[in-house]
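J.: Read off the chains here:
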Amino acid sequence: MEPILAAAGAGHAVAFYAMAALAVASAVLMMTQRNPVACVLWLVVCFVGLAGLFVTLEAYFLAVIQVLVYAGAIMVLFLFVIMLLNLRPEDLKAVALPRIPLVGVVAALLLLAAVVTVISASRPYFGMSVAGILAEVGPTKDSVRDIGLPLFRDWLLPFEATSILLLAAIVGAVALTKRKV
Amino acid sequence: MGAEFNDYLPVVLTVLLAGGLAVLLLGLSAVVGKKARGAPVRDTPYECGMPILSEAHTRFSVKFYLVAMLFILFDIEVVFLYPFAVVFDDLPASLIFVEMLVFLAILFAGWIFIVKKGVLRWQKEE
Numbered sequence: 001m002e003p004i005l006a007a008a009g010a011g012h013a014v015a016f017y018a019m020a021a022l023a024v025a026s027a028v029l030m031m032t033q034r035n036p037v038a039c040v041l042w043l044v045v046c047f048v049g050l051a052g053l054f055v056t057l058e059a060y061f062l063a064v065i066q067v068l069v070y071a072g073a074i075m076v077l078f079l080f081v082i083m084l085l086n087l088r089p090e091d092l093k094a095v096a097l098p099r100i101p102l103v104g105v106v107a108a109l110l111l112l113a114a115v116v117t118v119i120s121a122s123r124p125y126f127g128m129s130v131a132g133i134l135a136e137v138g139p140t141k142d143s144v145r146d147i148g149l150p151l152f153r154d155w156l157l158p159f160e161a162t163s164i165l166l167l168a169a170i171v172g173a174v175a176l177t178k179r180k181v
Numbered sequence: 001m002g003a004e005f006n007d008y009l010p011v012v013l014t015v016l017l018a019g020g021l022a023v024l025l026l027g028l029s030a031v032v033g034k035k036a037r038g039a040p041v042r043d044t045p046y047e048c049g050m051p052i053l054s055e056a057h058t059r060f061s062v063k064f065y066l067v068a069m070l071f072i073l074f075d076i077e078v079v080f081l082y083p084f085a086v087v088f089d090d091l092p093a094s095l096i097f098v099e100m101l102v103f104l105a106i107l108f109a110g111w112i113f114i115v116k117k118g119v120l121r122w123q124k125e126e
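Top to bottom, those sequences are chains A and B. Counting in this note's numbering, the first sequence tops out at residue 181, every number present. Counting in this note's numbering, the second sequence tops out at residue 126, every number present.
By construction, these hints were calculated from the structure, which means they are not laboratory data. These numbers were taken from a predicted model, which means no experiment stands behind them. A virtual CB, placed ideally from N, CA and C, is assigned to each residue, including glycine. Mixed in with the good hints, there may be bad ones.
Rough simulated footprint, nothing fancy, chain B against chain A, three-plus residues with beta-carbon under 8 angstroms [to be verified]:
| no. | stretch |
| --- | --- |
| 1 | 107 to 120 |
| 2 | 154 to 165 |
| 3 | 168 to 174 |
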């Protein structure tokens with residue numbers, strides 16, 4: 001068992017860091033593009049990298065959903081919004097976003113909160129290899145059941161609240177686009 | 001059961017092959033192909049021999065956006081059905097069944113709202 005785990009662990013680590021690099025690099029490229037369609041396509045690459053990260057962390061169900069919902073459906077939505085606005089290159093040059101310091105401060109604080117939360121939550125795993133962490137957490141038996149059981153047993157209220165959220169989004173989308181109906 | 005990490009090796013190979021082929025073909029045509037210089041007509045996109053009618057970048061109707069948005073919302077609903085079906089036998093049927101029934105009922109209300117508002121009607125009926 002041990003040698004097999006170690007060999008798998010090396011592959012895991014390589015794949016993990018490759019996917020992490022892909023996600024970060026494509027996120028940076030996305031932010032530095034001027035053409036919004038190129039932005040969206042880099043975001044697709046970023047989402048695929050995230051899906052790859054989920055695979056290396058043995059969260060196969062999440063990986064599939066990530067590709068189906070984010071890289072598929074949500075990117076289509078983004079493309080539609082971009083085509084809806086239809087900004088030509090000369091329009092883009094004219095757009096100079098106003099620099100509001102307060103917005104920057106709030107965004108930086110939110111980012112700080114997220115980073116601190118993630119780092120403090122991953123404290124027990126500091127200095128461990130990817131394989132070591134996976135061994136610590138235990139093998140994934142069934143990535144769908146691992147999500148389904150807690151979701152339908154322990155997190156009833158958030159699950160039901162999701163449907164209210166989706167309902168609000170439906171009504172909101174209709175209200176925004178069909179004002180005169 | 002459960003998928004093995006190594007099962008994803010073919011996926012990686014497919015991605016590498018597809019990406020490699022794209023890079024190879026584009027690179028070959030860039031290296032081998034001749035550059036068109038000073039020929040504005042020749043540089044225009046090929047539209048079955050027709051003169052170009054309009055730019056490819058045109059404004060799209062908001063109706064497409066609405067359909068895409070509604071699709072995503074119901075897509076997310078369906079995503080929840082998959083783990084529901086998998087764990088159905090592991091939990092008391094009365095609990096999980098009622099739970100999903102409430103979830104679907106709330107979204108069904110949204111669907112009735114969409115139909116009543118005529119959101120999916122593509123053209124205005126006279």
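J.: Could you run down the list of hints and mark each one as holding or not?
T.: Hints, verified against the model:
1. 107 to 120: Since three or more residues must qualify, the claim that chain B covers the stretch 107 to 120 of chain A is violated, with 0 doing so at under 8 angstroms.
2. 154 to 165: holds (count 6)
3. 168 to 174: holds (count 5)
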